[in-house]
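Number of protein chains: 2
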Amino acid sequence: MFEFVEYKIWRIKMKAVKYTDIEPVKFDSDVVKGVKGRVLIGKDDGAENFCMRVFEIAANGHTPRHSHEWEHEIFTHSGNGEVVLKEKWHPMSPGTAIFIPGNTEHQMKNINDEPLVVVCLVPSGVPEL
Amino acid sequence: MFEFVEYKIWRIKMKAVKYTDIEPVKFDSDVVKGVKGRVLIGKDDGAENFCMRVFEIAANGHTPRHSHEWEHEIFTHSGNGEVVLKEKWHPMSPGTAIFIPGNTEHQMKNINDEPLVVVCLVPSGVPEL
Chain E
1 MFEFVEYKIW RIKMKAVKYT DIEPVKFDSD VVKGVKGRVL IGKDDGAENF CMRVFEIAAN
61 GHTPRHSHEW EHEIFTHSGN GEVVLKEKWH PMSPGTAIFI PGNTEHQMKN INDEPLVVVC
121 LVPSGVPEL
Chain L
1 MFEFVEYKIW RIKMKAVKYT DIEPVKFDSD VVKGVKGRVL IGKDDGAENF CMRVFEIAAN
61 GHTPRHSHEW EHEIFTHSGN GEVVLKEKWH PMSPGTAIFI PGNTEHQMKN INDEPLVVVC
121 LVPSGVPEL
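Protein sequence lines, in the order shown, are assigned to chains E and L. Heads up, the first sequence is in this note's numbering, so the first residue is 1 and it goes up one at a time. Heads up, the second sequence is in this note's numbering, so the first residue is 1 and it goes up one at a time.
Rather than coming from a laboratory, the hints here were simulated on the basis of the structure. None of the values given here were measured: they were computed from a predicted structure. Each hint should be verified, as a subset may be incorrect.
A few chain L residues facing chain E, derived, Cβ under 7 Å [as the list claims (entries may be wrong)]:
1) 52
2) 68
3) 73
4) 99
5) 103
6) 111
7) 113
8) 125
Footprint (simulated), chain E over chain L, 3 or more residues, beta carbon under 8 Å [what the hints assert, rightly or not]:
9) 14-22
10) 56-66
Built from N, CA and C at the ideal position, the CB exists for glycine as well.
Let the hints inform the model, and build the full structure from the sequences given.
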């Protein structure tokens, strides 16, 4: 009998990256408008607990109105927008942090001419983008 | 025989907060200079997987040079600084993301006149500040 052993080689490295140097994934459909998403730190970096993404929401753009099991921890980097939480719209401006627990309907929209840029983190094991 | 059952009532609520509206904890000692820390989203909010803090590092200020078992995921919100990772200093400016794996020595310093403001996340279960 042979014994099969799986070896995992973890290449976990430190990383410093400007988010604008990452090619974005563009989202435009019936439910999402003018959104660019980037994974800054995720499973490919060996991040085992949570994942950092950045979303740029263009003027007149918005994310989908949806809910999912996992939470969001969001930090507003630049621009101005609003986030709906339980039917109430809250202002988002640079420095606004938002906690969206799991299974909570939410949506963000830009309310200005410049892009709304938000850092949005999710736990590991869910879709990164 | 009685059966004891522990009921946990989770009061997990959505939250929207401007980081400047939170009273900071100030750090100044032999190893850390001119640093204000704030927990934006943590265990008191019911965040079970990771914790969002913001650090403001004043002109000429720096965080301690240290390492610990847990990782950091950092996003530079404003200001200009540098982070040392394995003896190499990397620039930090608005939009720079940094992944510091666990057990990796690190330190951040301000290199400008305005505060260096960074969002810094840690996994749950470690000191929040």
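Hints, one by one, checked against the model:
Contact between residue 52 of chain L and chain E, as hinted, is supported at the beta carbon level, the nearest pair being about 5 Å apart and thus within 7 Å. Checking residue 68 of chain L against chain E by beta carbon gives a least distance of about 14 Å; that is not within 7 Å, so the hint is violated. With its C-beta approaching chain E no nearer than about 5 Å, residue 73 of chain L sits inside the 7 Å limit, and its interface hint holds. For residue 99 of chain L, the interface hint holds, the least distance from its beta-carbon to any beta-carbon of chain E being 4 Å, beneath 7 Å.
Against a cut-off of 7 Å between C-beta atoms, the interface hint on residue 103 of chain L is violated, since the closest Cβ of chain E lies about 10 Å away. The beta carbon of residue 111 of chain L comes no nearer than 15 Å to any beta carbon in chain E, farther than 7 Å, and the hint placing it at the interface is violated. Checking residue 113 of chain L against chain E by beta carbon gives a least distance of about 19 Å; that is not within 7 Å, so the hint is violated. Residue-level restraint check for residue 125 of chain L is violated (minimum Cβ-Cβ distance to chain E is 10 Å; threshold 7 Å).
Coverage of the segment 14-22 of chain L by chain E holds [criterion: at least 3 residues with CB-CB distance below 8 Å; count 7]. Proximity of the segment 56-66 of chain L to chain E, defined as three or more residues with a beta carbon under 8 Å from a beta carbon of that chain, is not established by the 0 residues found.
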